[in-house]
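Enquirer: Protein chains in written order, with the working numbering: chain A, 1 to 419; chain B, 1 to 419.
Wrong hints could be hidden among the right ones.
Reference listing, derived: stretches of chain A covered by chain B, where coverage requires no fewer than 3 residues with Cβ under 8 Å from a Cβ of chain B [unchecked claim]: (1) 41–51; (2) 150–156; (3) 169–176; (4) 218–227; (5) 276–283; (6) 328–336.
Computed beta-carbon distance windows for the label pairs [unchecked claim]: (7) B:Met178 x A:Arg283: 16 to 22 Å; (8) B:Glu416 x A:Thr92: 25 to 31 Å; (9) B:Arg209 x A:Asp302: 24 to 30 Å; (10) A:Pro353 x B:Met178: 55 to 61 Å; (11) B:Gly76 x A:Val111: 52 to 58 Å; (12) B:Asp109 x A:Pro277: 51 to 57 Å; (13) A:Pro287 x B:Pro375: 52 to 58 Å; (14) B:Asp206 x A:Thr92: 43 to 49 Å; (15) B:Asp180 x A:Pro353: 32 to 38 Å; (16) A:Arg189 x B:Asp141: 30 to 36 Å; (17) B:Arg209 x A:Ala305: 24 to 30 Å; (18) B:Trp366 x A:Glu143: 29 to 35 Å.
Partial list, derived from the structure: chain B residues whose beta carbon lies under 7 Å from chain A [to be verified]: (19) Thr5; (20) Trp6; (21) Asp120; (22) His157; (23) Thr162; (24) Gly217; (25) Gly243; (26) Val273; (27) Gln274; (28) Pro276; (29) Pro277; (30) Ala279; (31) Ala289; (32) Pro353; (33) Gly356; (34) Asn367.
Simulated from the structure, these hints should not be mistaken for lab results. Note that beta-carbon positions come from the ideal geometry of N, C-alpha and C, so glycine has one too.
Protein chains: 2
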Amino acid sequence: MSERTWVPVPEGSPFPVENLPLGIGARSGGRPTAWVAIGDDAVDLAAIDALGAFVDIELPDRCWSSGRLNEFLAAGPAVWSMVRAALGDLLTDRAAADRLARAIVSRADLVMGLPVAVGDFVDFYSSIHHATNVGRIFRPDAEPLLPNWRHLPVGYHGRSGTIVADGAEIRRPAGLRMVDGEPLYGPSRRLDIELEVGTIVGVGSDLGRPVTADRAGDHLYGLCLVNDWSARDIQAFEYQPLGPFLGKSFATSVSPWLVSFEALEPYRTTPPVQKPPVADHLRLDEPWAFDVTLEVLLQTSDMRARGQAAATISRTCFADMYWTPAQQFAHVTANGASSRPGDLLGSGTVSGPERGSEGSLIELTWNGERPIELPDGSTRTFLVDGDRVTLRGWAGGDGGPRLGLGEVTGTVVPNEEER
Amino acid sequence: MSERTWVPVPEGSPFPVENLPLGIGARSGGRPTAWVAIGDDAVDLAAIDALGAFVDIELPDRCWSSGRLNEFLAAGPAVWSMVRAALGDLLTDRAAADRLARAIVSRADLVMGLPVAVGDFVDFYSSIHHATNVGRIFRPDAEPLLPNWRHLPVGYHGRSGTIVADGAEIRRPAGLRMVDGEPLYGPSRRLDIELEVGTIVGVGSDLGRPVTADRAGDHLYGLCLVNDWSARDIQAFEYQPLGPFLGKSFATSVSPWLVSFEALEPYRTTPPVQKPPVADHLRLDEPWAFDVTLEVLLQTSDMRARGQAAATISRTCFADMYWTPAQQFAHVTANGASSRPGDLLGSGTVSGPERGSEGSLIELTWNGERPIELPDGSTRTFLVDGDRVTLRGWAGGDGGPRLGLGEVTGTVVPNEEER
Numbered sequence: 001m002s003e004r005t006w007v008p009v010p011e012g013s014p015f016p017v018e019n020l021p022l023g024i025g026a027r028s029g030g031r032p033t034a035w036v037a038i039g040d041d042a043v044d045l046a047a048i049d050a051l052g053a054f055v056d057i058e059l060p061d062r063c064w065s066s067g068r069l070n071e072f073l074a075a076g077p078a079v080w081s082m083v084r085a086a087l088g089d090l091l092t093d094r095a096a097a098d099r100l101a102r103a104i105v106s107r108a109d110l111v112m113g114l115p116v117a118v119g120d121f122v123d124f125y126s127s128i129h130h131a132t133n134v135g136r137i138f139r140p141d142a143e144p145l146l147p148n149w150r151h152l153p154v155g156y157h158g159r160s161g162t163i164v165a166d167g168a169e170i171r172r173p174a175g176l177r178m179v180d181g182e183p184l185y186g187p188s189r190r191l192d193i194e195l196e197v198g199t200i201v202g203v204g205s206d207l208g209r210p211v212t213a214d215r216a217g218d219h220l221y222g223l224c225l226v227n228d229w230s231a232r233d234i235q236a237f238e239y240q241p242l243g244p245f246l247g248k249s250f251a252t253s254v255s256p257w258l259v260s261f262e263a264l265e266p267y268r269t270t271p272p273v274q275k276p277p278v279a280d281h282l283r284l285d286e287p288w289a290f291d292v293t294l295e296v297l298l299q300t301s302d303m304r305a306r307g308q309a310a311a312t313i314s315r316t317c318f319a320d321m322y323w324t325p326a327q328q329f330a331h332v333t334a335n336g337a338s339s340r341p342g343d344l345l346g347s348g349t350v351s352g353p354e355r356g357s358e359g360s361l362i363e364l365t366w367n368g369e370r371p372i373e374l375p376d377g378s379t380r381t382f383l384v385d386g387d388r389v390t391l392r393g394w395a396g397g398d399g400g401p402r403l404g405l406g407e408v409t410g411t412v413v414p415n416e417e418e419r
Numbered sequence: 001m002s003e004r005t006w007v008p009v010p011e012g013s014p015f016p017v018e019n020l021p022l023g024i025g026a027r028s029g030g031r032p033t034a035w036v037a038i039g040d041d042a043v044d045l046a047a048i049d050a051l052g053a054f055v056d057i058e059l060p061d062r063c064w065s066s067g068r069l070n071e072f073l074a075a076g077p078a079v080w081s082m083v084r085a086a087l088g089d090l091l092t093d094r095a096a097a098d099r100l101a102r103a104i105v106s107r108a109d110l111v112m113g114l115p116v117a118v119g120d121f122v123d124f125y126s127s128i129h130h131a132t133n134v135g136r137i138f139r140p141d142a143e144p145l146l147p148n149w150r151h152l153p154v155g156y157h158g159r160s161g162t163i164v165a166d167g168a169e170i171r172r173p174a175g176l177r178m179v180d181g182e183p184l185y186g187p188s189r190r191l192d193i194e195l196e197v198g199t200i201v202g203v204g205s206d207l208g209r210p211v212t213a214d215r216a217g218d219h220l221y222g223l224c225l226v227n228d229w230s231a232r233d234i235q236a237f238e239y240q241p242l243g244p245f246l247g248k249s250f251a252t253s254v255s256p257w258l259v260s261f262e263a264l265e266p267y268r269t270t271p272p273v274q275k276p277p278v279a280d281h282l283r284l285d286e287p288w289a290f291d292v293t294l295e296v297l298l299q300t301s302d303m304r305a306r307g308q309a310a311a312t313i314s315r316t317c318f319a320d321m322y323w324t325p326a327q328q329f330a331h332v333t334a335n336g337a338s339s340r341p342g343d344l345l346g347s348g349t350v351s352g353p354e355r356g357s358e359g360s361l362i363e364l365t366w367n368g369e370r371p372i373e374l375p376d377g378s379t380r381t382f383l384v385d386g387d388r389v390t391l392r393g394w395a396g397g398d399g400g401p402r403l404g405l406g407e408v409t410g411t412v413v414p415n416e417e418e419r
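The shape of chain A in the complex, shown without the other chains:
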């Protein structure tokens, strides 16, 4: 179908006309507004709206110019679908090409920001492989999964104010961590990544009104990539009994382009069987796994200096997740908590069952015991200043069409105290 659009879409682009992901970007000196990505280009949604592209659709005021997609998301699935259909029509109607020419820019000319203003960020722990790995590393003599794990998608609130956009510098955090048996304040020595997929809430839900998993589709918009940077030493000292805090709250990177569940529909697949069966409110009436391949790429500053490309250090599949976005949303609201457009549900680290499919360095290097070798001859247990990490994801596996989530990158910079 990619050939049908009049916009040139390079072979293997994550953004063919089947995708149409939305994001917020700004041209040099401009204000951030809403765009749709196609190939290497992006289309200015406010501009084509002004040209009448959405004339029959009841859109919220200023939904393309508010600098965030929250207002558009709040409009609901019918509007999402109509906008998607209108965009598909325009971008495959060769007669529209001239009219729209001025609304199209190269994506290279945009600085992308956060696609949404996140109200509440809930981070989950939904990969059984990740939870098992972490349990084995930290509690080698005990059952790796805690008793609640198979009954509910364990999660906690992250810090929404430190969610950062693609390309952000990640300053190495400082904190109290145990050094020779004493808690000392200083820069983390065990800085890690977490490869996650984020679900963005489109339509919120009211206080006192739980949404069951079989109705979650009325609320959830789509997916993005999330790097939940983690300082393992800070986390280890602080996390009892109230959970992770400073070990996570210094930065969370989110990818710029939101891919709708409507676009991902062909890649919907059956999640792993849940045993024991889950409670009624978490039961799915349709398959809520998605066949999305994920990769972690690492480029050291030496590799950059030598012109060496980033190395793939992990490849895994989102479809392996034990708990799905619909169940995560049902869990968030199960106690009657309300939710808002733009709320972010982080999947938790996506790890597969094989070596090399783990979504964090603490797993990939087994708590630092098995360093990773890199093309510049260096090794890594945890991140070194200057390291650049990119997460990448696409639907359809290796063979099929490449409908991508795009990428999110962050570069580690030194802590002030070290300079």
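Let chain A serve as the given structure and place chain B on it in line with the hints.
Expert: Just chain B now, with coordinates in the frame of chain A:
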């Protein structure tokens, strides 16, 4: 000094002219705007601004009409002080009375909302008596305080989207909890309160720029009351290993009137000695405890029907807290996390050392073993539908002038599933 204002202030009012707390309220049918409380009245800040009250002060645009105090808070301590001084002058200048008459309403005619839009809500665990009590109840054979407790103010992120205003109905939450050894989804049977004091961040801080405790005063605006409603059975099943989530996220009540640290200055006092000494970034250069007396009042629906006043079930003192607001803020930013105007730092349950000074039912009733007796002849371990809980706080102890934090009330309503 109360006699000096030309507004009649009833004896014992929490809001004498020395207080001047700010809040957001709406008259019937009106939009929410900013007010200052004095006695039983409130003064419309936008109206007196239009009359020239703040003519020499550089205020942010629309800071009284935006429906939240965030913009005013972001303006910083110099502006806070100037506004406070201008209000004090006006309210003690008898010649201004006629001019301001139209800007004053009875507080009874206002519906108060949330004073701020909270970006991130961090809930702490800063009372040594509370942490010790909880440790003894849940781990009777172990050291009640975990190894990190005296080194940092343990805290975690709460849900900002379910912060509710004074007077809100609190729907009994449902969730998975252990019933006869099986996890079952249903309404909580152990619904509790947590008496807390909230610190409101005025001026935010930048990503990558920790603020040490001795500079926290440049950022923190003042105090409010917080009831962190808690479902102990849901919390007990979910909280390992990532901390509390649904057991807390269904509702958090915040009082309407923010009392500035400037007003509280006469009640500043020395916090408990910290042993071992804390890390440099948490060290205080001035006393950051406040002599604020706190009470929990409970009124059952039967008591209401009989016209019985609410019963005081706990009285305690905020000055007993081991960790102070300045240290909590320093901790939040210690890893470089940014903060925003309107961020809320919940103190954690304020419990004192004596029986009857505990800030939660789980402590007051010692995990349900010592029911509380109420004036209607009923007893309570945890909350029953129809129970109305009010938190109250004032500076200066019993004898001194009553400079109050005001009150925050919530009433428990049944879960849908039970009706």
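Enquirer: It remains to establish, for every hint, whether it holds in the given structure.
Expert: So, going through the hints one by one against the coordinates:
{"no.": "1", "hint": "41–51", "verdict": "violated (count 0)"}
{"no.": "2", "hint": "150–156", "verdict": "holds (count 5)"}
{"no.": "3", "hint": "169–176", "verdict": "holds (count 5)"}
{"no.": "4", "hint": "218–227", "verdict": "violated (count 0)"}
{"no.": "5", "hint": "276–283", "verdict": "holds (count 3)"}
{"no.": "6", "hint": "328–336", "verdict": "holds (count 5)"}
{"no.": "7", "hint": "B:Met178 x A:Arg283: 16 to 22 Å", "verdict": "holds (20 Å)"}
{"no.": "8", "hint": "B:Glu416 x A:Thr92: 25 to 31 Å", "verdict": "violated (47 Å)"}
{"no.": "9", "hint": "B:Arg209 x A:Asp302: 24 to 30 Å", "verdict": "holds (29 Å)"}
{"no.": "10", "hint": "A:Pro353 x B:Met178: 55 to 61 Å", "verdict": "violated (30 Å)"}
{"no.": "11", "hint": "B:Gly76 x A:Val111: 52 to 58 Å", "verdict": "violated (29 Å)"}
{"no.": "12", "hint": "B:Asp109 x A:Pro277: 51 to 57 Å", "verdict": "holds (54 Å)"}
{"no.": "13", "hint": "A:Pro287 x B:Pro375: 52 to 58 Å", "verdict": "holds (57 Å)"}
{"no.": "14", "hint": "B:Asp206 x A:Thr92: 43 to 49 Å", "verdict": "holds (45 Å)"}
{"no.": "15", "hint": "B:Asp180 x A:Pro353: 32 to 38 Å", "verdict": "holds (35 Å)"}
{"no.": "16", "hint": "A:Arg189 x B:Asp141: 30 to 36 Å", "verdict": "holds (34 Å)"}
{"no.": "17", "hint": "B:Arg209 x A:Ala305: 24 to 30 Å", "verdict": "holds (29 Å)"}
{"no.": "18", "hint": "B:Trp366 x A:Glu143: 29 to 35 Å", "verdict": "holds (31 Å)"}
{"no.": "19", "hint": "Thr5", "verdict": "violated (39 Å)"}
{"no.": "20", "hint": "Trp6", "verdict": "violated (42 Å)"}
{"no.": "21", "hint": "Asp120", "verdict": "holds (5 Å)"}
{"no.": "22", "hint": "His157", "verdict": "holds (4 Å)"}
{"no.": "23", "hint": "Thr162", "verdict": "holds (5 Å)"}
{"no.": "24", "hint": "Gly217", "verdict": "violated (21 Å)"}
{"no.": "25", "hint": "Gly243", "verdict": "holds (2 Å)"}
{"no.": "26", "hint": "Val273", "verdict": "violated (19 Å)"}
{"no.": "27", "hint": "Gln274", "verdict": "violated (13 Å)"}
{"no.": "28", "hint": "Pro276", "verdict": "violated (9 Å)"}
{"no.": "29", "hint": "Pro277", "verdict": "violated (12 Å)"}
{"no.": "30", "hint": "Ala279", "verdict": "holds (4 Å)"}
{"no.": "31", "hint": "Ala289", "verdict": "violated (22 Å)"}
{"no.": "32", "hint": "Pro353", "verdict": "violated (21 Å)"}
{"no.": "33", "hint": "Gly356", "verdict": "violated (26 Å)"}
{"no.": "34", "hint": "Asn367", "verdict": "violated (16 Å)"}
Of the numbered hints given earlier, the model fails hints 1, 4, 8, 10, 11, 19, 20, 24, 26, 27, 28, 29, 31, 32, 33, 34; all others are met.
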